[in-house]
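Visitor: Residue numbers (our numbering), protein chains in the order written: chain A, 1 to 405; chain B, 1 to 405; chain C, 1 to 405; chain D, 1 to 405.
Treat the hints loosely; a few may be bogus.
Put simply, identical chains are the same to the list, so a pair is met inside one copy or across any two.
[To be verified] Pairs of lysine-lysine, BS3-like flavour, derived with a Cα cap of 30 Å: (1) Lys-162 x Lys-217; (2) Lys-153 x Lys-41; (3) Lys-126 x Lys-174; (4) Lys-174 x Lys-162; (5) Lys-34 x Lys-154; (6) Lys-154 x Lys-126; (7) Lys-217 x Lys-126; (8) Lys-162 x Lys-45; (9) Lys-398 x Lys-162; (10) Lys-255 x Lys-162; (11) Lys-255 x Lys-398; (12) Lys-126 x Lys-153; (13) Lys-34 x Lys-126; (14) Lys-45 x Lys-174; (15) Lys-255 x Lys-174; (16) Lys-45 x Lys-398; (17) Lys-169 x Lys-153; (18) Lys-262 x Lys-217.
Honestly, the hints are just simulated from the structure, not real lab data.
Keep in mind the model is a prediction, meaning the values are calculated, not measured.
Number of protein chains: 4
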Amino acid sequence: MKTLLKKTEAYDVHTEDACALPFSSEISQTEIAKLCDYLTKKTNKQFPILTDSNINLSLLNGNIENFIGISQIPTGVIGPLKVHGTAANGAYYVPLATSEGALVASYHRGARACLLAGGITSICLKEGIQRSPVFKFENLNDLSLFISWFLAKKESLHDIVKNTSRFAKLTDTKIQIEGNHLTISFEYFTADASGQNMVTICTDAICRFMIDQCPVKPSHWFIEGNSSGDKKATAYSFNNVRGKKVTAEIELSAKIVSEVLKTSSALMDRYWRTSTMGVIQSGAIGAQGHYANGLTALFIATGQDVACVAEAATGITRMELNSNGSLYACVTLPNLIVGTVGGGTNLPTQRECLDMMDCYGEGNSIKYAEIAAALVLAGELSIAAALSAGQFTQAHQKFGRKKSL
Amino acid sequence: MKTLLKKTEAYDVHTEDACALPFSSEISQTEIAKLCDYLTKKTNKQFPILTDSNINLSLLNGNIENFIGISQIPTGVIGPLKVHGTAANGAYYVPLATSEGALVASYHRGARACLLAGGITSICLKEGIQRSPVFKFENLNDLSLFISWFLAKKESLHDIVKNTSRFAKLTDTKIQIEGNHLTISFEYFTADASGQNMVTICTDAICRFMIDQCPVKPSHWFIEGNSSGDKKATAYSFNNVRGKKVTAEIELSAKIVSEVLKTSSALMDRYWRTSTMGVIQSGAIGAQGHYANGLTALFIATGQDVACVAEAATGITRMELNSNGSLYACVTLPNLIVGTVGGGTNLPTQRECLDMMDCYGEGNSIKYAEIAAALVLAGELSIAAALSAGQFTQAHQKFGRKKSL
Amino acid sequence: MKTLLKKTEAYDVHTEDACALPFSSEISQTEIAKLCDYLTKKTNKQFPILTDSNINLSLLNGNIENFIGISQIPTGVIGPLKVHGTAANGAYYVPLATSEGALVASYHRGARACLLAGGITSICLKEGIQRSPVFKFENLNDLSLFISWFLAKKESLHDIVKNTSRFAKLTDTKIQIEGNHLTISFEYFTADASGQNMVTICTDAICRFMIDQCPVKPSHWFIEGNSSGDKKATAYSFNNVRGKKVTAEIELSAKIVSEVLKTSSALMDRYWRTSTMGVIQSGAIGAQGHYANGLTALFIATGQDVACVAEAATGITRMELNSNGSLYACVTLPNLIVGTVGGGTNLPTQRECLDMMDCYGEGNSIKYAEIAAALVLAGELSIAAALSAGQFTQAHQKFGRKKSL
Amino acid sequence: MKTLLKKTEAYDVHTEDACALPFSSEISQTEIAKLCDYLTKKTNKQFPILTDSNINLSLLNGNIENFIGISQIPTGVIGPLKVHGTAANGAYYVPLATSEGALVASYHRGARACLLAGGITSICLKEGIQRSPVFKFENLNDLSLFISWFLAKKESLHDIVKNTSRFAKLTDTKIQIEGNHLTISFEYFTADASGQNMVTICTDAICRFMIDQCPVKPSHWFIEGNSSGDKKATAYSFNNVRGKKVTAEIELSAKIVSEVLKTSSALMDRYWRTSTMGVIQSGAIGAQGHYANGLTALFIATGQDVACVAEAATGITRMELNSNGSLYACVTLPNLIVGTVGGGTNLPTQRECLDMMDCYGEGNSIKYAEIAAALVLAGELSIAAALSAGQFTQAHQKFGRKKSL
């Protein structure tokens, strides 16, 4: 370990510092100018490109506070990604926003192999998003009385949800007891919204009803006890569903593996086995290669809550050599938090990118999820091909930045 | 479970489909136009905003392939975030690119509480990034002969690294044996680059030397056996370092907790305890609230490899009520993959955003990491405050999108 | 790393070696003698104490093969352990078979503190034991057809179970899909038997029915796909139930903490907090101290399947300082695989030990589980007390073996 | 969920109850009689077999308190288990104490297949056992000053260890910082003892020296912060070593797989792949079948700390079909806590069982560990064979108890 700490200087908190950054949730040229002036004065830097955008500011309401400008993320396209699912059915073009060289090229190669093989089967298996309040009682006796009351009232909760949201439906409640802590996981169907705010507001309404009516009051309660898996990879969500659970598969002929992926099915199978041992050794949740790469780029381009990559980039990848020399491959993603309405989906480029995938607006979230899983499968095939055949380094040397060595 | 599959239609792979998307790693208006025409023909959609950018295309070389345009991400600013570290020392303004309402407001509130408390101590404890090739042998006998040879040659690997990269230094090698599989984790210091490509290229050079010289050849080897924790949360990386390991702490007076965070130290302590039980129940790696939110927004704004949020958003948050009524809080992030050179750091808005934090270019990556950890601490305080005091739902109703219920 | 391998000698497999150990599932003095003679001839050692037992050999049928004799395990008693539960209600004496000095003393001290505090509330929350066959199909299409058929037949499975076992009841079925792999987790109530064999036999009957009747056959199927958590700690079982799920709590006055446990509630609280951070850092499943110690000793004494400690010794321990200076403590064990009939419960000393706890035979497994959880709580309190107050080392010096330093 | 709680009765703590069980760490017929009388009076039960033992009571000192008698565990033998290792080299007979029918038969079958194949290569790769004290400071500044001091004193700790124990050697120290918590993991070599008490006493001596001498005192410190993985499966220990790390491998010809294991290499390979997906889905640490079965039975028979099965039964099993139709199989166990001196190794039957393996006393712990890993490999092969070929249910019906359905 290195020396830890250089001596910290004494400092004062000046009142003007403490309150100076002009906070505002209003979005206007005036506010931007005010913020810019302040920042330039403080940092001696200017932000001409960040602030130079002709975006319609009124579209940004509810998406951001202290708005200063627009970050520009390079965006490429791959495809067609041929998908056969329950909602996705066709050849899709997928926008990927990233600054990592070789990423778009790699996913495109995977998509091309799958296209030549006739397309990916991709199926949304389940939907559900949770909010998990926790109630703390004096002791187990009180907790058990509360539960008895709750179980009797359970059916009436549906009405509360109905009166709170047009879209949300309460689909399941799960109870966890840990001493005098009671966690109730409320699971919802939230139509085509990713739904995190919706389930917060509905669960809040349920909890307020419960606290108001219950005969035994908890000593404390919190709307989320940090067990729902929000913004983090968890074994619990991995074993259940969070957002949408999708599985996708393909069979690639020996010829496609050789001609498009430049490796062999046997080498792919060998690499998969070996790397599965590696990922087990690393103590990951699930076993996959690089779901995060494709999902992050797709989420940025299409107005998703990108931080949900933390949970979405979890799952299982499997590859198998078939006796006829072909390769079977599949991915399973149980935590795809995605939406085609709400969040950032209505922002200008985000909407165009959703449109490119034929996924903008209501009725499209399952289709989006099935395409996302197919994308992920294409990416797993391409990276495994590169690693199995020793092309990985060269691909990064070819497409990546040359100056950084 | 719902019905799984609607019958998939029979389909043909038309040759023109299969090769039609005009792939190119060249970035030019000609290529963009070609791609756009193709996409419009195929999807019947247009992308006027996505493609309408006056970005200097030559800057994008090595960052993207099949480039079509620029995704626009709303960006807000928080601060000043006062940080005392080994490299960070001062009041910083932090750009956050997101479309999630309430996020910027929440981090700003946390930063303000910390500012009034005199600032966050944030210390980079360790650095290191790994590439972990795997070698498969006939049996343990061969493997042990290989290791004996390797251990004798270990010192000469430093020269190979030196001849491959100006920046990279080999700092550690760890051996894992699992039957006839040998994994060697090479750990590097990569200066101010996040370094993933650098360590790939250096490790490739090492491996080629090893394969060429070793007396007992492995039957297979792969440059990465998927044990390095690349693009995923792993228990292994959580217990070691991947990128930079930073810990940050603050002590907030009872007055600040009450006046800025609108709760009490006792409630914060209570919430932390309860939610730590929750996150343990969920089977997370580590125990934290929402590191992913702040890190993702920061990474998008500042040209980081955003997919690394998968691993970076891991760590431990702790809060404690002190006997004088103040609140101690700390975060520890062992897997901060960040850089201030290379990757997307040189892109136009990304560079401005790094400049805003005084973090653009060489010599700034430790400072950047210490600011990032301080940001995360501000965010943990703010969300825990909201959840402890029942403000969480209201905050999202106030700042979030109104139309989605 | 040390030198790995000394050269292995060449060797021959002599036919007499290969078949020489006289295997037998018959238990008789003749077989014992035959085995002993063989072993003495081969090893030049004698086993007079191991083989000198007047146990009724006929009792051992179905419990062991290649029987040679009786291992003698020292057994101590703690108590009374006062328990208030749904089935346990009274003061119990608990036998612990171990050779680890200080273990019995430590659990006894914890039990004494709990007794003085009025006893432990211990509640069995859920029961269920699983067998999880896996079915592999050509592709997702076939798999989905199989599931459709299965869901329609689901109700008829209860009859199969009824016809296979007098005791087992099928209580739940859960489906997991991973590409073309379908896992069905069948969960059973198995009365007072731990039930692992019962659920194997019932699930085998179900599977044979399914394979016989289903319109789409899987290409392979296995009665257990290693997902049921049998003989291992898993995040899945930790979040569900395996065997019995029990939670137990106590409130200890400041006086008891001080006089019996020789520490203070504040120190206990402090130790719990700190050690919970430690166990999170270690990447455990759940968060507890040493459940394995008490459970193993109890399981050995009472004829349980001791290997199930691997899964049973998982859960969450929590301790909290109350405002009145008392200490709240609880444990939650979701994977208590225990039985009071079958297995080794009928063996001579095992039966006496079950009798000591008033837990021998039918109708006692919930009581047993509630006592087991209370035992575990007593042990967590005692070790945390020792560690919080710096007595841990001394306790081991006092009670442990003196010669080993 | 079922009704949770029947009303608990009011109760009094009678003084005589609270102190009545006559606690004693002295082992004598007098104490046994006293305890028996008390228990019989309280429970109305008698324990004639438990208490009827002619064991030399003086041998039990330091192994047990409140001793009442001897638990009798049926013990079978398997073998010869042919092992080629660094210390084990020969054909061993392995005692297994269990009451689970079919267990001994299954391990014996696996051993027989391995014997016919020429024996198992089993190699102890590393040794080390940890004690991990935690030090809590006011803040990071104090913590960093403490570390600076510690790093300068590090070398002098070896002398403290030398003066505390004849056997222990300090081999490594690892530092973990989490906010103001500092954990130092001291790793030792403890010769042929499993060493948990030894490392406690040595670390206690180190800590007392540190607390006495350090210029900045911690506000609290604890000899174990629950991060060492003692008595629990942890990702940390799985990735490092705890006790002994051993890997073992075998290659079985197609003929042996078919004739002894009654299955085929292809089916074994298929089962391994499929079940590895299953165990990943279950969220286990590592990926194995039933290490706990063999290890528990071996540990009980040979005087080990059986509760360490919680950590020892962790690792990775791998099986692969070779192109010549043979099967490669290996196991890796990083957390084998075993000893051949100290603990229960000197007890009468335990010593005979160690003798049977030629493992009693000094100089034998590595041999023991290599045999244990070989045993585990035999067990993994046998259960995978049974499951792959559909024999699993029948084996349990044949050898298991018939009455329990």
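Visitor: Next step is simple, just say for each hint if it's right about the structure.
Guide: We went through each hint and held it up to the structure:
no.	hint	result
1	Lys-162 x Lys-217	within (25 Å within a copy, 43 Å between copies)
2	Lys-153 x Lys-41	neither (59 Å within a copy, 49 Å between copies)
3	Lys-126 x Lys-174	both (16 Å within a copy, 13 Å between copies)
4	Lys-174 x Lys-162	both (20 Å within a copy, 29 Å between copies)
5	Lys-34 x Lys-154	neither (51 Å within a copy, 55 Å between copies)
6	Lys-154 x Lys-126	both (22 Å within a copy, 19 Å between copies)
7	Lys-217 x Lys-126	between (35 Å within a copy, 24 Å between copies)
8	Lys-162 x Lys-45	neither (51 Å within a copy, 36 Å between copies)
9	Lys-398 x Lys-162	between (55 Å within a copy, 21 Å between copies)
10	Lys-255 x Lys-162	neither (54 Å within a copy, 41 Å between copies)
11	Lys-255 x Lys-398	within (25 Å within a copy, 49 Å between copies)
12	Lys-126 x Lys-153	both (26 Å within a copy, 21 Å between copies)
13	Lys-34 x Lys-126	neither (47 Å within a copy, 39 Å between copies)
14	Lys-45 x Lys-174	neither (52 Å within a copy, 43 Å between copies)
15	Lys-255 x Lys-174	neither (49 Å within a copy, 39 Å between copies)
16	Lys-45 x Lys-398	neither (35 Å within a copy, 32 Å between copies)
17	Lys-169 x Lys-153	both (17 Å within a copy, 28 Å between copies)
18	Lys-262 x Lys-217	between (65 Å within a copy, 23 Å between copies)
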